[in-house]
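Engineer: Residue strings, one per chain:
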Amino acid sequence: MRDLFKPAAIRIAMRSILRRKTRMLLIGSLVTIGTFLIVFGGTFASSAQSESKKAIVSYFTGDLELYSNRSREIPSPFSFNTPLPVVEDSRKIETWLDSNPDVESFVSIGQNYGLISTVKDGAKIDLPILFYAVDTARYQKTFDNLKVTTGQYFGSEGSPSSQGVLLSEMQKKAYRDKYGVTLEPGQKVTLLSLTGGGSVNAVPSQILGYFEPKHYSNVFNYINFMDMRTYSSLFNFTGIATGSLPATMDDAFAATSDDAIFGLADTAAFDKLDVASLAKEELTGSTQIAIKLKDSGRAEAFLKDVEAQGFQVKSIPWNKASSFFASVADILQAVIYGATFLIFLIVVFILMNTLIINILERTGEIGTLRAIGADKSFVSAIFLWESILLNLFAAVVGISLSLLLIASFGSGGVQLPDIVAQYLVGGGPLNLVISPVPFLTGVGLVLVVSFLATLYPIRVAVDISPLKAMSGV
Amino acid sequence: MSTIIELGDVKKHYMLGTTKVEALRGVSFQITKGEFTAIAGPSGSGKSTILNMVGCIDNPTSGRVIIGGDDVSALSDKRLTKYRRSTISFIFQSFNLIPVLNVYENIELPLLLEKGMNEAERKAHVMQLIEEVGLVDRMKNKPSELSGGQRQRVAIARALVTRPLVVLADEPTANLDSVTGAKILELMEDLNRRQGTTFLFSTHDHTIMDKARRVISIHDGMIAGDNVKSVGEAV
Ligand SMILES: Nc1ncnc2c1ncn2[C@@H]1O[C@H](COP(=O)(O)OP(=O)(O)O)[C@@H](O)[C@H]1O
Ligand SMILES: [Mg+2]
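Chains G and W supply the protein sequences, listed in that same order.
Just so you know, we're using the numbering used here here: the first sequence kicks off at 1 and counts up by one.
Just so you know, we're using the numbering used here here: the second sequence kicks off at 1001 and counts up by one.
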């Protein structure tokens, strides 16, 4: 590249670009489109990913969830038919979390199902209900995802919490359509639990009201809420802390089935049981604990701390706990990059062809340069500069256009079709977050690719023989 | 007088598909410094092929091409390019100016390909040539704004700017009307007389041939005659 910085080469390159305005405009706009696609697409994709994580962490799962180490399945809002085992030492964990400086907030959740027993036209009717049993104040503080439409959320702040059931508007519609029943806020009902052992427990309760999910309505439309105390009495979780039982009996209790508990009386361990040593504790029956950290980046270190405590739990990060939701952004990103790549391939193909036509048209000129003593490196310098100057300019235009478009969405974000928005960010617009990565990769990629697209045409150019001068310019 | 170009039994074959075209079938001649020589012959006789060999833009199939004492018949592209840059200059039938450069820049270009002259020297030299070819008022014009004759004047100035050992011109008047063509030849002759520049040009036009002091006739790739006119015979 001895001749790269020869002013004569740069001069010829610049003038040649200006001389072939139409064609250069075509090439330039192809590169501009390529840059625009990569930069805007990249910004869109990376925003989708970061916003998706933010939304999932904020409204759905928290940074991570802890669940019983006896569980063979991972927590999922879509698997109600096989409730997870209860986290045995949830009280101990909660105490630890309360004093952990990494934790911003957390909430214990008992994910289960049951029946609401009520009366329709003088006859008893049982309505199935999927629910999260939660510490209601903590849930509100951690996720704040429920907008109460009628009735009330479990008592207002400061006043003693009301107990009962908060149903989704979608559930209300389902009961009406399927069972012809409309439950009113304040209405007394009986809740029935269905346990694995086949026994049924009944507790009196009430309907507190209805909510609409603020985010992820495609998940929370199907989930109803219950306070933890109602849940505990419904599933007989109140009683003795299993943690203070002798180890041999622990497993039997873990089964939470009446038969197993009665079976305990026959064991030798039961005879030696020192009743006074049993800690009196109200069990929660929570199946998972969703935790939000002050700094998501500390998740791994935090998990090590959890492990060191020896709790009877496993952990699962936000992206696994949210089922397939976290992969929606990944898929979107793959689609955007795939489409961009395809369009870019076409752009490169057209670019190369146009450059080759450009060079073939200038065969006589190139031959003349060679005939009057220009080295091959001088010829390649001319075409390299043409490519560099044009592509840089086009890339700058492409970036500016992307910036303009991103700015035009502004703080309002991109309005996506609701179905897409629900899965991507739990609904609402997608905020575009300008980050340097898509810009740098965009510009880098465009320059590298357009440079590569120039290499072959330049080889064609330098191989043009000075003999070609004879056919004229 | 010293020999600056020597061709010894130069042969050139082209393959057209499977047919062998014998463009040159053993050509030998010598050119001494200061000559003003025409290579004459009908179309297809091999004139351009000869000039291309001398001009270092093509290699012979066999034979010797000696320029300024060096055999260039088997040199690499890089070495040949160096000869074209510093030792030999070309004037083309269709002028071959660089379209995006103006008159001044076209003439200056060969100097920019080689380090050597400083800027002031270069400028003075280019300006002097522009005056010689009578284009001072056209200095800033692009080739597309010039007539054919003016373009060929620019090409002549560009050929002379490196002070080459020999200037080769392949039918330099073929794309010009006869009056303009005659003027171009007069300019070349004038430069040859005053500056001693060696010219070797091809033509199939008899009025042009008549201006040469020596005419090498080519027929079917072989020399058919070599006539040196006595002083005063040429116009
Ligand atoms: N590149 C080539 N390939 C094949 N044949 C060629 C080529 N260049 C010249 N020739 C042939 O060589 C012969 C001499 O050509 P040329 O030197 O151009 O003649 P002139 O310049 O006298 O018209 C012609 O028969 C021509 O067809
Ligand atoms: Mg010819």
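Think of the hints as simulated: they come from the structure by calculation, not from any bench.
All values derive from a computational prediction rather than experimental measurement.
Take these hints with a grain of salt, some might be off.
What the hints assert, rightly or not - One-sided and incomplete, this derived list gives chain G residues near chain W with beta-carbon spacing under 7 Å:
1) Ala-8
2) Ile-12
3) Ala-13
4) Pro-317
5) Ile-372
6) Gly-373
7) Asp-375
8) Ser-377
9) Leu-467
10) Ala-469
11) Gly-472
12) Val-473
Glycine included, C-beta positions come from ideal geometry on N, C-alpha and C.
Engineer: Determine which of the earlier numbered hints do not hold for this structure and return their numbers in increasing order.
Structural biologist: Of the numbered hints given earlier, those the structure breaks are 3, 4 and 8, listed in rising order.
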